[in-house]
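Those sequence lines, one after another, are chains A and B. Per numbering that gives the first Met the number 0, residue 0 is the first one in the first sequence, and the count goes up by one each step. Per numbering that gives the first Met the number 0, residue 0 is the first one in the second sequence, and the count goes up by one each step.
Keep in mind that the hints are not guaranteed to be accurate.
To be verified - Calculated from the model, a selection of chain A residues having no Cβ within reach of chain B, i.e. all distances over 10 Å:
no., residue
1, G49
2, M98
3, S140
4, M204
5, N254
6, K257
7, L270
8, Y282
Unchecked claim - One side only, chain B facing chain A, incomplete, derived with CB under 8 Å:
no., residue
9, F13
10, N50
11, F95
As the list claims (entries may be wrong) - Chain B regions said to be covered by chain A (calculated; three or more residues, Cβ under 8 Å):
no., region
12, 17-27
13, 79-86
14, 109-117
15, 161-175
Keep in mind that the hints were calculated from the coordinates and are not lab data. For glycine and all other residues, C-beta sits at the position ideal for the given N, C-alpha and C.
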Amino acid sequence: MATSESSAESSAPVRTGADAEQIVAVPVRHPGRWVAAVIILLLAAMFVHGLVTNPAWQWNIVGQFLFDPQILSGLLVTIELTVLAMVIGVILGVIIAVMRLSPNPVLSGVAWVYTWFFRGTPVLVQIVFWSFIGLLYRFPSLGIPFGPSFVYFDANVLIPVFVGATLGLGLNEAAYMSEIIRAGILSVDPGQTEAAEALGMSRLMVLRRIVLPQAMRVIIPPTGNETISMLKTSSLVTIVALHDLFGVAQFIYGNNFKQIPLLVVASLWYLVLTSLLSIGQYYIERRYSRGTLRVSRTNFFGLRRQGAGA
Amino acid sequence: MTAMVEANSVHKRFGRLEVLKGITLSVQPREVMCVIGPSGSGKSTFLRCINHLEKIDAGELWVDGDLVGYRERGNRLYELRDREVARKRQEIGMVFQRFNLFPHMTAAQNVTEAPIRVKGESKAQARERARNLLDQVGLADKANAYPRELSGGQQQRVAIARALAMQPKLMLFDEPTSALDPELVGDVLAVMRKLAEDGMTMVVVTHEMGFAREVGDSLVFMDDGVVVEHGTPRDVIADPQHQRTKSFLAKVL
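Here chain A stands alone, though its shape is the one from the complex:
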C-alpha cells in the first residue's frame, strides 16, 4: 500500500527534494564527549592492565579449573535448579494468577494469601525450611482426610535436599510470577474477551487462545529478568550443602585456598549462562510480537539477516 502511494506521489507534479539545495553546515562540536571518552578509556586500560599483571588473579588456576569435571557437574546442578524452579514458578504462577482474577472469593483469597506468604518470607529461609520439612511431617501419608491412611512415605526419602531446594526456589518464584502474569492478563483489552465470548468460546479457551498469547508480550521481559535472577539466586542452595556451581567452587577453594581464581571461574560460568538466556529471551519476545507494530526484523545483535526483506 505504501509503495502504491509513493509512486502515485512521484508521478504527480509535486515539488520534491530533487530541486532543493543540499544543506551544508558545520556540525555542533561536543568537546565534553571527547573528554569523557578519554577518561573512561584510561580507567578501562588501568583495569585491564591490573587483570593481566596482578598475579593474585592467578589466571593459570582459573584456566585449570574452568572445565574441571567437578565445576561442570556443579554447573549442571545450577542449570537443573534454575530450569525446574522456573517451570514450577511459571505453571504455578499462571494458576495463581487465574485464581486471583477468579470471581470465586475463596479462590482469589487463597491466591492472595499464597502471594502474601511466599513474598513475605525470605527465599533463603524457605530453602532451609523445605530441606527440614521432614522434621515437621515425618511420615506423610495418602488417605481420607481425618480418616484412615493408605500409603505412607518417609519424608527424608520423599524430599531429598535437591527436591527441597527446588521447591523452596520454585514456590517462592510462583508468587512473583503470578503477579507478573496477572499484570499481563490485565493488560489485554477487555474487548478481546468480549469478542471471543460473543463467538461462543468458553472461558478457558478465551484465556488460552486469545488472552494469554497477547499477555505474553507484557509477561516475557520480566520473566526473562526472573530467570536470570533465579540463575543467581540458586546459589543460595549452598546453605543446605547442595553442590551447585557456587557450592562446588566453595568446596574446592576450601581445600586448596585459591579463593579468587575459583570465584572467577564461577562468575565466568554465570556470565555465560545469563548471556545465553538474554539471547533466548530476545527470540521468544520476537515470536510473541506478531501482529504488532514494533516487530524487530533484526537478530539479537541488531544485525539484519541476509534476505530478511528490504
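Once you have looked at the hints, place chain B on chain A.
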C-alpha cells in the same frame, strides 16, 4: 412464527443507574431493525443483553423462542451454565464499534478460529469458508494480513466475516461505523446492505440515518432507557410523533 428477538419489559441497571427502563419490542426473522438514539440512551446495552454479555435485571428476553440466560422449568427460572450460554452465543454474531479483532492472528485466522475451536470444524473446511467470506467482504487479498496492517474499514469487514463464519441466525451490530474515517464507512455499509438483502436478521445500533432509511425494515428511537418511537423508517423519519424524536432527528439529519 416465532420472533427472532422478543423483549418484554426488559430492565437493566448498573449499580443505582437504571439504563433500560422496560424495553418491549420484537424482531421478526429476516427483519433489519435499526436502533437510533442519543448516547447513553441504552441502545448498546440492550444489544449486549441479547447475547447475554449483560445480564438483565427484570423482564423477559427471548431469542428464537429460547429465554436468554435462563431455562424455565415448572414455574422456576434456572440460570444457564457458562457452557450453555456459550452455545447460545454461537448462534448470534456480534460486530463491535472498536472491531476487537484478535491482533495476534491474521485476518484468515481471525475468521477460522471460532469455527475450528468452538464448532470443531475441520481446518480445511473452515479455511475454505474463510476464503469465501473474505471474498464476500472484498478482502480476499488481505487474508494473511494482521489487523494492524489493515485500515479501520477493512478491520471491520474482517470482523463481520469473523461473525458470519459461525453461521449465525442473528447478527448484532454495535455502532459498526462510528469509529471509522468517513471515507471508509461506505464499504462497511455496503457489506451490511448485501447481508440484509441475503435475508439475514439484523439489529443495528447506528447513527447512519441513510442506512436506516434505505436498508432498515423498522426503526426504533430510544432515549433514556425506553423505546420512544417504533415504526417503519419512513414513518419515523418523515413523521415523528414525539417531541424527543423530533429534536433528535433535527440534530442528526
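Hints, verified against the model:
Here A/G49 stays apart from chain B, with its beta-carbon at least about 51 Å from theirs, past the 10 Å limit. Non-interface call for A/M98 relative to chain B: holds, since the shortest CB-CB distance, roughly 17 Å, exceeds 10 Å. Every CB of chain B is more than 10 Å from the CB of A/S140 (nearest about 37 Å), matching its label as outside the interface. Separation of A/M204 from chain B is inadequate, the least Cβ-Cβ distance of about 6 Å not exceeding the 10 Å criterion.
The Cβ of A/N254 lies farther than 10 Å from every Cβ of chain B, with a closest approach of about 55 Å, so its non-interface assignment holds. Annotated as non-interface, A/K257 keeps its C-beta farther than 10 Å from every C-beta of chain B; the closest such distance is 52 Å. Every Cβ of chain B is farther than 10 Å from the Cβ of A/L270; the closest lies at roughly 34 Å, confirming the non-interface assignment. Listed as outside the interface, A/Y282 is consistent with that label: its C-beta sits roughly 17 Å from the nearest C-beta of chain B, beyond the 10 Å cut-off.
The criterion of a C-beta within 8 Å of any C-beta in chain A is not met by B/F13, whose closest approach is roughly 15 Å, and the hint is violated. Here the hint on B/N50 is kept, as its CB sits about 6 Å from the closest CB of chain A, short of 8 Å. A hinted interface residue such as B/F95 counts as satisfied when its beta carbon comes closer than 8 Å to some beta carbon of chain A; here the least separation is about 6 Å, so the hint holds. A stretch counts as covered by a chain when three or more of its residues have a beta carbon under 8 Å from one of that chain; for the region 17-27 of chain B and chain A the count is 0, and the coverage is violated.
Closer than 8 Å: that is the beta-carbon criterion, and the region 79-86 of chain B has 4 residues meeting it against chain A, so the requirement of 3 holds. Closer than 8 Å: that is the beta-carbon criterion, and the region 109-117 of chain B has 4 residues meeting it against chain A, so the requirement of 3 holds. A stretch counts as covered by a chain when three or more of its residues have a beta carbon under 8 Å from one of that chain; for the region 161-175 of chain B and chain A the count is 3, and the coverage holds.
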